[in-house]
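**Q** For this one, chain A is given, so just place chain B on it according to the hints.
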Amino acid sequence: MTRQRLLPVLLFAGVIILALIPLGLDPRGYEMRILCITLLFASLGQAWNIVGGLANQISLGHAAYFGIGAYTSTILLKLFSLSPWLGGVIGMILAVAFALLLSLPTARLKGHYYALATLAAGEAIRVIANSWADVTGGPVGISVPYLPDGSLWMMQFSTVLPNYYLFLAALVVICLVFWKIKSGALGYRLRAIKENEQAAEVIGVDTYRSKLIAACVSAAITAFLGTLYAQFQFFFDPDTVFGVATISVKMALIAILGGVGRLSGPLVGAAFIIPMEEMANSYFGSSAAGLSQFAYGAILVLVILLNPHGLTALFAQLRDRFTGKGGSHDRSVA
Amino acid sequence: MMTPDPQTAPAPLLAVEGLSASYGGAWVLRDVSLVMQEGEFLSVIGANTAGKSTLLKAISGLMPKVEGRITFRGTDLTATPSHRIPSLGIAHVPEGRHVFPDMTVEENLIAGAFARGTDAAIGDTLAHVFDLFPRLKERRRQLAGTLSGGEQQMVAVGRGMMLDPKLLILDEPSLGLAPMVVEEMHDRFHEIHESGVSVLLVEQNVSLALESAERAYVMSSGEIEFEGVAKDLANDDRIRKAYLGI
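Just so you know, the sequences run in chain order A and B. Per our numbering, residue 1 is the first one in the first sequence, and the count goes up by one each step. Per our numbering, residue 1001 is the first one in the second sequence, and the count goes up by one each step.
Quick caveat, the hints were computed from the structure, so don't treat them as lab data. Please note that a few of the clues may not be correct.
FRET-style restraints, in silico, Cβ to Cβ [what the hints assert, rightly or not]:
1) A/Leu109 - B/Glu1067: 26 to 32 Å
2) B/Gly1025 - A/Val15: 55 to 61 Å
3) A/Leu302 - B/Gly1145: 23 to 29 Å
4) B/Gly1096 - A/Gly297: 33 to 39 Å
5) A/Ile17 - B/Gly1145: 35 to 41 Å
6) B/Gly1176 - A/Leu176: 53 to 59 Å
7) A/Gln198 - B/Ser1207: 28 to 34 Å
8) A/Gln198 - B/Glu1223: 54 to 60 Å
9) A/Leu176 - B/Ser1033: 52 to 58 Å
10) B/Pro1134 - A/Ala295: 51 to 57 Å
11) B/Ala1127 - A/His112: 41 to 47 Å
12) B/Pro1134 - A/Ser183: 28 to 34 Å
We put the beta carbon where it would ideally sit given N, CA and C, even for glycine.
Okay, chain B solo, but in the shape it has when bound:
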């Protein structure tokens, strides 16, 4: 999907405008702007400390003080308390997985549907997540803390999918996982995207991120350096030199 002409384009799914954030006086985001269309698979790449995770946290309301505007389907997210954001349809899969270790796999997943209230379709969504990750179905009664890293990542993604989200935010989902598991995870992300969920992926593995996404933003030192179609960026000299080591 090409970047649409702003005049004729429908309202974007997510719009970040002039976003700045600081930790104790040090700026970690400076005037960041980003637009994401409905149904897009977008990736944000950049080195460690570029501000990628902070950007995601700001979107999910986990950064208490930010300047600028973040709108999701017309709702101003900076004015929305963090616990209300999931009910808008934004599922955040945090860096480092953060499963509930002493809950079973199934309890973890059901917790993900929390913001949907007493929705009758939770059973269907659970079945859908088990189709996506059959391994979780096998281990549904096991405590999440006893799972392998890859399986915990499946729980974290599955928990996000339990929200039946419009937007799935993935923060470093392949960190610390074996290469084979990483590939499998990315296959699942494609499946999720094809089922109509917009995906916003932050990934240190730049080649993988550019392979998965349709479009990507490149961040450095808290600022957006440039953005473009992922395939083009994969061949861009600046990217190849800085991140792909070619």
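Here chain A stands alone, though its shape is the one from the complex:
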């Protein structure tokens, strides 16, 4: 019981610490960029967690939403000088439209079938983005127009410090959304579906609608994170924002490694995966291109074999062992 009250305090302290970290760092430095990316992927993992964790639909196509968000706001900014805030909202709407379209053939699929269908859908979008060069710029990529006098409204800044706080704010909001869904009526329905879909139906849960709502919320959030990413990176191509390994699998991996369906899961997962990946990249450089994809696969297999509930569950089990508490399967751990 005390843990329930401790959790918000811990999270609040965590936010304060994260808000203070940049004060000791070079605002244009490499470390800041890694921290930004870590926060971004924690958010992405949490967005995925709504579908993959709460609704138990293992999506491997979330890059579609991410890329739709990144491209929509960037193209609108280029063509009409539209603020990325508005472009991002339009991207969210388009992502939801795509999620609805995708749900028509996939919502009744389960397990591997759903994963494969979403994987294929994500890849289809990537191919379209690569070949539709008139709009997207094709494989050469697209640049966000540089505005010398940056502002919050245009989401452009002279250092990455404001980006960092934007990412942090996004993470807090997304965690709140996740928690609100998880602890609310929809979360209860999704949990019933996850545990036994047939039983959920006989007690009157609209399983199709519940999964669809989760998918749409997750898609919208992911799209807006795509916009934030575009305004942070200034340049991207279809293979980056629509990539299976760079986005789709990474989102899932972060949530699964940390602890799928748990609030703290993607936070732990991103804090582990992103810095590790950056270190590996700077250490091995281009001599080991593609190593990270290999590592993702290996990590995923290890987690599923050794501890399917992820690192946060592992921590809880270790703590229980040291404090001599039984019942290692305490589900109340967020």
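**A** Below, chain B without anything else, positioned relative to chain A:
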């Protein structure tokens, strides 16, 4: 209760008329008709694969494609999506129990009241279910997946009762349970029936089904063979030969 004269009888609680259903081209229900009055304890018996479970699934809307009509208190169930059916007052306790394994007993039960919306009386119903199954009250904080088969069956029935249903549908509630537990379950079913809930029971244990029910339908190969007062059927030669092995 005798079968009432259709001219003077009140509208039935449940009426199945000319119901047919198939799985991938193979007919599992053929022109099934069944009538159930308010307050009745009805049983459907028959061998495995006779179509009993399919009939129950069709009533609860879990069979997507059926032909024929199913009406419950005047509402056409074949035109009602499955998730709306519980809110009409039909609680289905599925074969194989299907509890939510990682939810506590109490969470399972509260989930059963889901279709009632924000009804203030859920606490009262919970107390009523705990009176019915005191064992569940003792284990209210335990994960349902860690319970014994009999206890899980109590959770499944209790979850159904949380709907405060007009009709309780029980699909093979004694499957795989110890004889003593089975008897206890049937005592509870009587209690539930006496409290005013109509009960539709599918049971492979024919003697038990005929002991519990007032009236029964006998199914075979997807069709209704005959129906009658349960006590009479228990002495019927056809039943005794085919199902009771006497």
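**Q** Looking at the structure, which of the earlier hints fail to hold?
**A** 6, 8
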